[in-house]
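Peer 1: Now for the letters of each chain:
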Amino acid sequence: MKTKAEAVQAVVADTTNLESTFNYAIELTQQQGGRNLAAVGFTPEQWDMLDALCKTAGVNLLKPPLRDHGDAIDTAVTPVSWGLADTGTLVLPSAEEDIRLATMLADTHVACLRASQIKPDTESIQAELDHILKTEPATYVAFITGPSRTADIERVLAIGVHGPQELHILIRKDR
Amino acid sequence: MIKTAQDIKSYKKQLKDALQDQFLRKALGNFNTAYRQNRADVYAETDFNTIKQEIAADKDAALPRLPALMQEFKRQAEAAGTHVHVAQDAVEANQIISRIAQDNAVQHIIKSKSMTAEETYLNDHLEKEGFNVTETDLGEWIIQLRHEGPSHMVMPAIHLSRYQVGELFNDVTNQNLDPEDIDKLVKVARKELRPAFLEADMGISGANFAIADSGTLGLVTNEGNMRLVSTLPRVHVALVGFDKLLPDLKSALKILKLLPRNATGQALTSYVTWIKGANECRSAPDHKKVMHVIFLDNGRLELARDPIFSEALRCIRCGACANVCPIYSKVGGHKFGHVYIGAIGLILTLFYHGRENDRAIVKNCLNCQACKAVCAADIDLPYLIKKTLRLVLDSDGRKSIKNFLLSKVMPNRRLFHFLIRQAYLAQKPLARKGPMIRHLPHFFDKQHGFRSLPVIASKPFRDRWQHLQVDVKKPKHTVSFFAGCAVDFIYPEQAEAMIKLIKDRSVKVVFPQEQSCCGLPALMAAEEETAGSLARQNFKAFEGNRSDIILTLCASCASHLKHYYPKIARQVGIPEKDMTAFVDKVMDFSSFMINVLDLSPDAFKAGDKKVAYHSPCHLCRGMDVTEEPRKLIETAGLNYVPCADEDVCCGFGGSYSVDFPEISAEILKQKLAGVLKSGADVLVSDCPGCVLQLKGGMDKQGHDIEVKHISEVVADQLKTKSK
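Which chain is which? The protein sequence lines are A and B, in order.
Numbering (this note's numbering) for the first sequence: 1 to 175.
Numbering (this note's numbering) for the second sequence: 1 to 723.
It is possible that part of the hints are untrue.
As the list claims (entries may be wrong) - Here are the simulated lysine-lysine pairs, DSBU-like style, with alpha carbons at most 30 Å apart: (1) 63(A) with 567(B); (2) 408(B) with 567(B); (3) 187(B) with 4(A); (4) 187(B) with 2(A).
Simulated from the structure, these hints should not be mistaken for laboratory data.
Generate coordinates for the entire structure from the input sequences, incorporating the hints supplied.
Peer 2: Okay, here's the thing in structure tokens:
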């Protein structure tokens, strides 16, 4: 997973708990000169923890709905459901609009992936994905492999066109 | 606006201009080389051939069921809040979309890349209706600003340089940007287009998959604009060709294994998005996206019922057929297609955009099989191109002189061979006793002068045969020799070299005198009746002789026999299994030498000649033979030196080199440059057509590198005692 994700310009780091993931995202935001952090997909307790960490660090945690913040998201933090090792891909069910806005509009996306949720390849989540597509009333599932990219000008690879310019994957070892 | 030449004369003028575009040539040349390397790397761990056959089988199973799959998709998608429409043609699709826009009081529309929307000229329509439309894919935005069509299905602006984009973006931003800084140019799109995303009322996309059993669309993208197009505006319209319907997720995931690998050499694109139903959208009424899917027919359903052309609908739009095409890499997509470009474009243009737009471009195919070899859906593209050409010729109702002669002369072997013998007399004064014709008479255009031409032999192989045949007692193998026109009438010495090599090895050789042209030149000109008649004659000529192998020195004949004869067997009154049994015996020279005769290096002298090898299209792709010729060169005591692009076409393509001499010359030039760089003393190949082209080019350019058939150099290496 790590090798394949790094091969497509993602940054991969190991972490032991959610707090260190949040701190990673906060520090990254500050290093990049950003102010605004968006977080979607966490429980209220987790949100409160992040909110407290942001306040201490002086980073602004954006309140939902994110549509009100338009173009102001510097960093987005979200959990992801699965990792696919053979391509370094993240799978992120994104029916909730704020998940999409956060992961599309942010300059940097920090994704939290549990090590136990890393599968070998697309086939190994085919049944789960099919189940989501068949049972959810409406749905939007994203496979994300590295940051946004283009080679439309002279086939020169350029990172960060319309989506995030950086993708950080924090892999959390399960206890 | 797209201006595709509607007649061959103006097409040739366009091609001439395109060949002079130095940037284009360099960019596409680099792309062709880099793509083939990347593709090989990305398939290192993926079984391309197995998956492509599975995709073809899935598609073939889905195509007859498209209306039923659409109904199933509609049921599932409507239950999830999507509105599903069917548009019979481009006009109706565009009208449905503008009506949706009007009904939802839309002003600003953003689009992500969609070839289907290019097919219907959707932007022109929407702009005429007063909507403000912005393309958001970087390449599409660039060509929209330039008022051009795409020149590639995946990389629409590949024909433009950073300087051209830089100038364009200077106008957009009123700044003076550094065109060398491509990252910065890309960021211009990010910055300039953000407001368009945020204020748009409607987003339009295409789709790569429409999955029937869940009503889901699948989209494969890199930039992230499609995700914004389908998320920010309150209305999302997806315009989807009927051919994108698949029964289930499993078949979509299979295509996903090859699509990005084939398109851009990526294992997976940055984004793959699965969308079903009316998702949450806080700018829409009830916070629910207004979601529409329009299935475009535009001839697809009729095509799906066609026993031959339905294969074209397997296409997954990866663009690989253009990426590897030697012609595309010389002239670019604007001159090699209409809206759809590349090999598949030469076919689909007839069905989606009419014969006027296909008339000239469909002739521009070398039949080199490079596209077929990389096609992710296993489409026999070169064959379908010839079938398409035939439809165009038939509906135009006018035959060229070439077609007229082919259909009148070739089916009659005696007449055909008589005329070749007459031609020997006619060319004599031109050759001035030399082996080559170096100056063509003035009534030929000067662009044909890029190569010297061989002279027709004074005595064809068929007349030499009775003095060459030897009686073999208790033969280990009985071999029938299929000469082909070029060896028979131009290069009989290639066959004599072969006879010299095998005569002492207990091989009985039979030469059926009734054999004629294999028929490939007729098929190239879409004269299928003639090609069929020749297939029948050759079948009959070889019927009844008890050989285990039909040996040929011509890769093109071999490949044509093997692949085309079974296809046409029934039409010419021969049971398919008999025809298949006949062509299964066909074997190329090198395979025979290495795999059947198992030649030992002891039979050959030690040599120090450096030998470069040109791998004929119809041998390496047509017959899937790659190792044997190289092995044979080394077995014969020669020093094989690799050179660049050995398996890229030499530009001959039979009559192609006469119909499109400028392109043929450019492809040849590149080929010879690679050979010169290798430092070889001799260049060999195992197809007399390639030898004709390469030898003619080498001679004309004045290089003293010999060009020979592999049979000749190997025979020259025989130790004297074994003669």
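Peer 1: Compare the structure with each hint and give your call.
Peer 2: Here is how each hint holds up against the structure:
1. 63(A) with 567(B): violated (66 Å)
2. 408(B) with 567(B): holds (23 Å)
3. 187(B) with 4(A): With Cα atoms ~26 Å apart, residue 187(B) and residue 4(A) stay inside 30 Å; holds.
4. 187(B) with 2(A): Holds, at roughly 28 Å.
When each numbered hint is compared with the structure, a violation occurs for hint 1 only.
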